[in-house]
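Residues per chain are reported as follows:
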Amino acid sequence: MRISLIPYGPLVGVLGEPPLDLELEATDAQTLLAELHQRFPALEPWTQRIACACGDSLLGPHSAIHDGDEIALIPPVSGG
Amino acid sequence: MRISLIPYGPLVGVLGEPPLDLELEATDAQTLLAELHQRFPALEPWTQRIACACGDSLLGPHSAIHDGDEIALIPPVSGG
Amino acid sequence: MEADMHLTHNAIALEPLLASTSNACGASLLFTGTVREHNEGRPVNGMRYTAHEPLAEKALAEICREAEQQFAVATCHIVHRLGELRLGDISVAIVVHSAHRAAAYEASRFAIEALKARVPIFKQEFYTDGDARYLDGQTLDAAL
Amino acid sequence: MEADMHLTHNAIALEPLLASTSNACGASLLFTGTVREHNEGRPVNGMRYTAHEPLAEKALAEICREAEQQFAVATCHIVHRLGELRLGDISVAIVVHSAHRAAAYEASRFAIEALKARVPIFKQEFYTDGDARYLDGQTLDAAL
Numbered sequence: 001m002r003i004s005l006i007p008y009g010p011l012v013g014v015l016g017e018p019p020l021d022l023e024l025e026a027t028d029a030q031t032l033l034a035e036l037h038q039r040f041p042a043l044e045p046w047t048q049r050i051a052c053a054c055g056d057s058l059l060g061p062h063s064a065i066h067d068g069d070e071i072a073l074i075p076p077v078s079g080g
Numbered sequence: 081m082r083i084s085l086i087p088y089g090p091l092v093g094v095l096g097e098p099p100l101d102l103e104l105e106a107t108d109a110q111t112l113l114a115e116l117h118q119r120f121p122a123l124e125p126w127t128q129r130i131a132c133a134c135g136d137s138l139l140g141p142h143s144a145i146h147d148g149d150e151i152a153l154i155p156p157v158s159g160g
Numbered sequence: 161m162e163a164d165m166h167l168t169h170n171a172i173a174l175e176p177l178l179a180s181t182s183n184a185c186g187a188s189l190l191f192t193g194t195v196r197e198h199n200e201g202r203p204v205n206g207m208r209y210t211a212h213e214p215l216a217e218k219a220l221a222e223i224c225r226e227a228e229q230q231f232a233v234a235t236c237h238i239v240h241r242l243g244e245l246r247l248g249d250i251s252v253a254i255v256v257h258s259a260h261r262a263a264a265y266e267a268s269r270f271a272i273e274a275l276k277a278r279v280p281i282f283k284q285e286f287y288t289d290g291d292a293r294y295l296d297g298q299t300l301d302a303a304l
Numbered sequence: 305m306e307a308d309m310h311l312t313h314n315a316i317a318l319e320p321l322l323a324s325t326s327n328a329c330g331a332s333l334l335f336t337g338t339v340r341e342h343n344e345g346r347p348v349n350g351m352r353y354t355a356h357e358p359l360a361e362k363a364l365a366e367i368c369r370e371a372e373q374q375f376a377v378a379t380c381h382i383v384h385r386l387g388e389l390r391l392g393d394i395s396v397a398i399v400v401h402s403a404h405r406a407a408a409y410e411a412s413r414f415a416i417e418a419l420k421a422r423v424p425i426f427k428q429e430f431y432t433d434g435d436a437r438y439l440d441g442q443t444l445d446a447a448l
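Quick mapping for you: the protein sequence lines, in order, are chains A, B, C and D. Once you know that position 61 of the first sequence is 61 in our numbering, the rest is easy, because the numbers rise by one and skip nothing. The number in our numbering is simply the position in the second sequence, starting from 1, with 80 added. The number in our numbering is simply the position in the third sequence, starting from 1, with 160 added. The number in our numbering is simply the position in the fourth sequence, starting from 1, with 304 added.
Check before you lean on any hint, since a few could be wrong.
Unchecked claim - Straight-line C-alpha distance at most 16 Å; calculated EDC-like pairs for lysine to aspartate or glutamate:
no. : chain 1 : residue 1 : chain 2 : residue 2
1   : C       : 218       : A       : 56
2   : D       : 420       : D       : 445
3   : D       : 362       : B       : 136
4   : C       : 218       : C       : 164
What the hints assert, rightly or not - Covered stretches of chain C, going by a simulated chain A footprint (3 or more residues, C-beta under 8 Å):
no. : region
5   : 225-239
6   : 268-276
7   : 280-287
I should point out that these hints are in silico values taken from the structure, not numbers from a laboratory. Each residue gets a CB set at the ideal place from its N, CA and C atoms; glycine is no exception.
Construct the complete structure from the given sequences, taking the supplied hints into account.
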């Protein structure tokens with residue numbers, strides 16, 4: 001299915017400016033991240049360090065991903 | 081000798097508005113307080129709770145008192 | 161900036177934050193973070209903050225409510241600036257109004273620590289030598 | 305009020321305190337105490353603060369220097385108001401500027417606790433029923 005990814009912070013340098021529209025097989029957040037790491041080896045420094053959100057909701061590992069979703073890719077946060 | 085006392089806070093209610101000029105026998109802060117407690121029994125609630133200062137200096141128990149000194153009588157402090 | 165918003169692209173004005181107290185509150189604490197001229201020994205000349213705004217707004221609102229409830233303070237409000245900031249600009253302001261001071265200090269400290277751990281905001285630092293980098297931060301605890 | 309004075313008989317203006325930071329400081333903390341409408345369950349309508357001013361000035365200056373040294377903060381400044389205050393008036397303001405936030409919180413808390421323990425200032429509370437009383441406080445540790 002087609003997913004629109006929105007990378008933030010240093011992930012923009014790896015994945016490019018958002019939005020990034022991809023055809024993915026993943027159906028939940030965990031498998032989406034696994035698929036991304038496979039397609040983009042440059043994400044390696046962020047292994048286990050990216051969270052996913054859809055709108056104002058943080059996604060758990062098994063949160064479902066739906067066709068057409070906009071998924072925010074959230075690296076470590078550094079506000080303040 | 082003659083000492084000018086400057087009571088603060090609730091001590092004004094007991095000793096009156098400053099300055100309060102008294103002839104005292106005391107020669108240090110400790111004996112000055114003892115003498116005041118003897119002369120003014122209404123100071124009883126402040127037993128062990130009054131500090132003395134001269135100008136910007138807090139007096140220790142054995143700090144000397146001199147003729148003509150202005151001695152501040154400092155009850156428990158409640159700033160903030 | 162609307163009164164109940166936590167993110168702003170404009171300069172943060174402190175006066176409205178400070179004015180929002182009530183006469184029931186004896187203690188107020190205002191924390192502000194500003195852009196420093198050095199970080200980890202490198203001379204800095206500016207910052208850029210970005211955020212995943214819908215979640216950042218929600219997370220900041222949640223942190224304020226948690227601070228109010230956990231520490232029984234009357235008000236906790238956080239404002240975080242986004243976009244380009246120069247030296248000395250305020251990046252974040254946290255104001256707490258409370259009947260008593262101990263709770264104000266605890267709630268304020270809780271709020272800034274929670275902000276740094278839980279809110280999807282990203283800081284890019286610009287150096288006087290022309291270099292730039294995103295600061296490393298704290299991984300959000302989800303979807304790993 | 306002169307810049308280096310700690311006691312004032314006028315309203316405390318916060319803007320000059322907040323403005324006195326430098327670009328070396330990433331964190332600022334402003335504590336303010338205000339007159340509350342209730343204390344220990346009694347409705348209050350004002351306060352009067354008096355001080356033994358020469359010692360109070362010196363003690364406040366010492367507390368600021370101690371806070372700066374013990375917590376390695378760039379600046380600690382305290383202003384305490386004297387005279388008649390109404391509900392909502394600021395009685396005390398403490399501003400700390402620091403490179404890092406942990407030290408700012410610690411220094412600010414130290415300063416307000418030290419003020420309450422060591423500075424010869426006296427608070428008289430006026431109640432809506434016409435009664436007035438001096439609040440009990442902390443005994444200075446000298447000459448007992």
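Legend entry - residue 420/D paired with residue 445/D [C-alpha distance capped at 16 Å]: Satisfied, since the Cα-Cα distance of roughly 13 Å is no more than 16 Å.
Legend entry - Proposed proximity, residue 136/B with residue 362/D (alpha carbon, max 16 Å): Holds. Residue 362/D to residue 136/B sits at ~7 Å (cutoff 16 Å).
Legend entry - Outcome, coverage of the region 280-287 of chain C by chain A - at least 3 residues whose beta-carbon is closer than 8 Å to one in that chain: Since three or more residues must qualify, the claim that chain A covers the region 280-287 of chain C holds, with 5 doing so at under 8 Å.
Inset, instruction - Quickly compare the C-alpha distance for residue 218/C and residue 56/A to 16 Å and report which way the hint goes. - result: Holds, because 7 Å separates the two Cα atoms, which is no more than 16 Å.
Legend entry - Claimed coverage, the region 225-239 of chain C by chain A - three or more beta carbons nearer than 8 Å: violated (count 0)
Legend entry - Coverage of the region 268-276 of chain C by chain A, judged on three or more residues with CB within 8 Å: holds (count 3)
Inset, instruction - Below or equal to 16 Å on CA atoms is what counts here, so check residue 218/C against residue 164/C. - result: With a Cα-Cα distance of about 11 Å, the restraint between residue 218/C and residue 164/C holds, given a limit of 16 Å.
In this structure, only the earlier hint numbered 5 is contradicted, and the remaining ones agree with it.
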